[in-house]
Amino acid sequence: MATLTDSKAGDSGAQSRRGDGPASKVPTRTLDALNFFLADVRDGLGPYLAIYLIAVRGPAQGWNEATVGAILTIAGIVGLISQTPAGSLIDRGKNKPRIVMIAALLVTLSSISLPIVSGFTAVAVTQSIAAVAGAVFAPAISAITLGLVGPKLFAKRVGRNEAFNHAGNAVSAALAGVLAWKFGPVVVFWLMGGLTVASIVTASRLKNDDIDNAVARGLDCEPEDGDEACEEPSGWKTLLENKPLMIFAVTAFLFHLANAAMLTSVSQLLARTVGKDQATSLTAACIVAAQLVMVPVAIVVGRNTDRWGTKPLFLVAFAFLAARGALYTVSDNPWWLVGVQAMDGVGAGIFGALFPVVIADLTKGTGRFNVSQGAVASAQGLGAALSATLAGGIIVWAGYTASFLTLATIAALGLGLYVLAMPETKDKT
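When you line the sequence shown up against numbering that gives the first Met the number 0, it's residues 0 to 428, in that order.
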């Protein structure tokens, strides 16, 4: 692991970032490590929740694909309601690393309590708490990054963030797969606890004074600095009057409506066909396969976004998502499913790397970067929440093939909308 050493960015570095110039003395290794360790914490239990509830608790305790989908939907709705307030909190918060540490602790405590709580209501409450805390991570990491490197270097640094995030997911999933093979699905709870400790220690090494809070929210100055030309705009006005931002929110909704349930459905299918222990390990293999693809995808996208533009890259993401949904129906062979899941590395890898970049482009100078992230994240969270219930219901009523084809069709609709309505946000160089 890289040594977590930082250098303090002085006032000249902050002024450089406000002027869209190069950042000075960015704590690169600490940002790398934070994204690596937070990778498995920020999403909570993810697909392992479905395996645990179906394979460990099972129908005897009232758990099947539909009830698991309902839990995921409840947590998803709670999370999406929290997205915009979370973005506003990050916009106004003066110590963003501390917010990240508190959120990581809450997500983990909510998740590792699952083996000792029982009943639909208790599980829904714990996962909802995790969802509320989890809403903080995306805007916080983006804001910290923007406040450290400035707008000019933001796309490249976000690509690097995503690369380390995916690398962390791959490593933790590989560990979960190996350990679950020997100790069973419950091992993911203890792995998550260890990663949370590492995340908190790493976040504590970020110097809060290095983060320019004006730049971190998309302003060129701070209103309290006494600059009369620096006015703080209405957040809702910024959101509602920005048509491209609204279109992007709709496409984000469709992407996650199609994408969110795919891995969960595959993990449930594996639990049905190969048993809980092998399903946990194979689900880990699915995650590792996708994450290993996401690492180079995120790096390439981050380095070339200014040259290629955001629109063609998003179209590739939607195309891979639609193809992936269709290919799941070809075979239920475990290793075929793992191979198809690797395609998620292209679609989700592009989306993750470009999501904050597009929003930063569309909100530059408004001072509403993070609250806008929260609003669009609310839309994608709604898509993810509905995805779980939609897929779970279709599986119970019509089977896995019908569910996967429905998700693929939704992805194709998102592709068409992006082609027809979403503008390019970059002046390609």
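Source of the hints: derived by calculation from the structure; they are not laboratory data.
Even for Gly, the Cβ is constructed at its ideal location relative to N, Cα and C.
Treat the hints with caution; some may be incorrect.
The calculated label-pair distances, taken between Cβ atoms and stated as ranges, are [unchecked claim]: (1) Leu412 / Gly338: 21 to 29 Å; (2) Lys206 / Lys151: 16 to 24 Å; (3) Arg271 / Gly118: 36 to 44 Å.
Inset, instruction - Go ahead and decide if the range 36 to 44 Å is satisfied by the Cβ distance of Arg271 to Gly118. - result: For Arg271 and Gly118 the Cβ distance comes to about 24 Å; the hint is violated.
Legend entry - Distance restraint evaluation - Lys206, Lys151, Cβ atoms, bounds 16 to 24 Å: About 21 Å separates the Cβ atoms of Lys206 and Lys151, which means 16 to 24 Å holds.
Inset, instruction - Could you tell me whether the CB distance from Leu412 to Gly338 stays inside 21 to 29 Å? - result: Given range 21 to 29 Å: holds, Cβ gap about 25 Å.
Checked against the numbered hints listed earlier, the structure breaks hint 3 alone; every other hint is satisfied.
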